[in-house]
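Heads up: the sequence shown is residues 1 to 291, going by our numbering.
Worth double-checking, as some hints may not be accurate.
Here are the simulated lysine to any residue pairs, SDA-like style, with alpha carbons at most 25 Å apart [as the list claims (entries may be wrong)]:
| # | residue 1 | residue 2 |
| --- | --- | --- |
| 1 | Lys27 | Ile79 |
| 2 | Lys91 | Ile54 |
| 3 | Lys87 | Ala177 |
Think of the hints as simulated: they come from the structure by calculation, not from any bench.
Keep in mind that this is a model prediction, so the values were computed, not measured.
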Amino acid sequence: MKADKNAISDFLFFQEDEITSSIVYAKLAHIVKDSENKKTLLQIAAEEKAHYEILKRHTGKEVAPNRWRIFKYYWLARILGLTFAIKLMEKEERDAQEVYARYPEYPELEKLGRDEEVHEQKLIGLINEEKLEYMGSVVLGLNDALVEFTGALAGFTLALSNAPLIALTGSITGIAAALSMASSEYLSTKSEEGDSKHPVKAAVYTGIAYIITVVALVAPFIFIENVLVALGLMLVMALTIIALFNYYYAVARGESFKKRFLEMAILSFTVAGISFLIGYALKTLTGIDAA
Numbered sequence: 001m002k003a004d005k006n007a008i009s010d011f012l013f014f015q016e017d018e019i020t021s022s023i024v025y026a027k028l029a030h031i032v033k034d035s036e037n038k039k040t041l042l043q044i045a046a047e048e049k050a051h052y053e054i055l056k057r058h059t060g061k062e063v064a065p066n067r068w069r070i071f072k073y074y075w076l077a078r079i080l081g082l083t084f085a086i087k088l089m090e091k092e093e094r095d096a097q098e099v100y101a102r103y104p105e106y107p108e109l110e111k112l113g114r115d116e117e118v119h120e121q122k123l124i125g126l127i128n129e130e131k132l133e134y135m136g137s138v139v140l141g142l143n144d145a146l147v148e149f150t151g152a153l154a155g156f157t158l159a160l161s162n163a164p165l166i167a168l169t170g171s172i173t174g175i176a177a178a179l180s181m182a183s184s185e186y187l188s189t190k191s192e193e194g195d196s197k198h199p200v201k202a203a204v205y206t207g208i209a210y211i212i213t214v215v216a217l218v219a220p221f222i223f224i225e226n227v228l229v230a231l232g233l234m235l236v237m238a239l240t241i242i243a244l245f246n247y248y249y250a251v252a253r254g255e256s257f258k259k260r261f262l263e264m265a266i267l268s269f270t271v272a273g274i275s276f277l278i279g280y281a282l283k284t285l286t287g288i289d290a291a
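The task is simple: from the sequences and hints, build the whole structure.
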């Protein structure tokens, strides 16, 4: 039965979504190595194509896939991991069940809505990829670098008042701290019985996350002579890193972005503020001026 005029726009929207998703899942199936993951993705791709055919019977129209979405999710999976790309795609999709419920005269569409829910449940337990397995190590490196290093640089800013000197001191401190954190993660992972993580990989992930954060936070003091302006830009960089990482983590893990972002931002900026005041106090008490 062909849909009436009121329903046709909704059905066309989902028709495009179904054919686009079918192509995305099929392309993602070709980049995964795990055979079970590949099988599940191909099955979902076939189901999405079947949904498209059902909707086409109601609209009487062929609909072209959204090439931008195909490109977007394929490369997100390549760069940021399969889990992130799939979870983001599911998150951004319009609620099919809610829309189809408006049209009880098309009972077969209820099955389409139920299938979408089944897809989500399948996808939740689908992926076992290294990026997420070592997420705890990345969290450790980032959290420690952001909290400790924003505080250290804020303290150096008032104590030293010299941008090149702050950058040099911060770089030495940061690299030493990164090596220390990587070593600690190696020993910690090695001592945990039954942990599937490889100690060396866990240490590398922790160290790299820490060093990338150090480079980003030190950079303003290398390129900007005014230490207060550099400090302000450093705090903006820290906030940006917190936002980007927590968005990735929230999507991949299905957690609240707002809660994690606020918690980490408040902690980092509180430590930075206290360290800034300590630097000012020590400079005043000692009378040392490195400017």
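Subject >> Hinted pair Lys91 and Ile54, Cα distance within 25 Å >> reply: 23 Å, holds
Original post:
Holds or violated: Lys27 with Ile79, Cα cutoff 25 Å?
Top reply: Distance ~15 Å between Lys27 and Ile79 Cα, so the pair holds.
Original post:
Is Lys87 within 25 Å of Ala177, Cα to Cα?
Top reply: 34 Å, violated
Hint 3 from the earlier list is the only one contradicted by this structure; the remaining hints agree with it.
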